Amino acid sequence: DTAVSQTPKYLVTQMGNDKSIKCEQNLGHDTMYWYKQDSKKFLKIMFSYNNKELIINETVPNRFSPKSPDKAHLNLHINSLELGDSAVYFCASRPSGGNYGYTFGSGTRLTVV
Amino acid sequence: TQLLEQSPQFLSIQEGENLTVYCNSSSVFSSLQWYRQEPGEGPVLLVTVVTGGEVKKLKRLTFQFGDARKDSSLHITAAQPGDTGLYLCAGEETGNNRKLIWGLGTSLAVNP
Chain F
1 DTAVSQTPKY LVTQMGNDKS IKCEQNLGHD TMYWYKQDSK KFLKIMFSYN
51 NKELIINETV PNRFSPKSPD KAHLNLHINS LELGDSAVYF CASRPSGGNY
101 GYTFGSGTRL TVV
Chain U
1001 TQLLEQSPQF LSIQEGENLT VYCNSSSVFS SLQWYRQEPG EGPVLLVTVV
1051 TGGEVKKLKR LTFQFGDARK DSSLHITAAQ PGDTGLYLCA GEETGNNRKL
1101 IWGLGTSLAV NP
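Top to bottom, those sequences are chains F and U.
Sequence positions in the first sequence follow our numbering and run 1 to 113.
Sequence positions in the second sequence follow our numbering and run 1001 to 1112.
With a Cα cut of at most 27 Å, we get these calculated BS3-like pairs of lysine-lysine:
1. U:Lys1070 <-> F:Lys40
2. F:Lys41 <-> U:Lys1056
3. U:Lys1099 <-> F:Lys41
4. F:Lys67 <-> U:Lys1099
5. U:Lys1099 <-> F:Lys71
Cβ pair distances, simulated, as ranges:
6. U:Ala1078 <-> F:Lys52: 42 to 52 Å
7. F:Asp70 <-> U:Ala1078: 45 to 55 Å
8. F:Val12 <-> U:Gly1052: 42 to 52 Å
9. U:Lys1059 <-> F:Thr7: 30 to 40 Å
10. U:Val1028 <-> F:Ser96: 16 to 26 Å
11. U:Ala1078 <-> F:Pro69: 41 to 51 Å
12. F:Lys44 <-> U:Ser1026: 16 to 26 Å
13. U:Thr1077 <-> F:Ser80: 43 to 53 Å
These aren't lab readings, by the way, just hints derived from the structure by calculation.
On a predicted model such as this, the values are computed, not experimentally measured, just so you know.
Quick reminder that beta carbons are idealized off the backbone N, C-alpha and C, glycines included.
The following block holds chain F by itself, in its conformation from the complex:
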């Protein structure tokens, strides 16, 4: 019954490794997002996809690459992980059009050591 599910919940990895975070939503929403929440709890948008098409790409290092195989999935691949990538990453979705709120996943806590 989980609306927006992310895996894994926790990810501890060494610098230089490549890792992926997966996100799936079963709400039928058209738009999906990746957010990064830093240690001060500030939410910063990274990417947004609408029906598999990239519509928002904030100033994010090229090491971060999103992929949306279909409108229910939005994955995030990170190459050459750095210490500064440590944060909580949230996937979210919403219907397109209108003033709808976002439904967030429970987050992936990434720790780079």
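On the provided structure of chain F, position chain U as indicated by the hints.
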């Protein structure tokens, strides 16, 4: 870059007290959303306000959107320990992409 100033940043009160959290901006938003986030979880939508001057109530929580759609407030009456959490406001930009501009959050602790 649009900014959304949220205050106070931290608030620790006793059960039964009232409180108000503010979000202010110099920009006009198409809507203003309030979320609550608990440790280890993602933000959960509480309410969306759309019309200038709009007031919405959710049990003991009252949300107001400013007349000019640049600011909003969240008022909690008779706070309970279950209200403890991080409260986030987010303004939706006007235009095509309609990104959310987030406040820095208000960390609320309600002590029994």
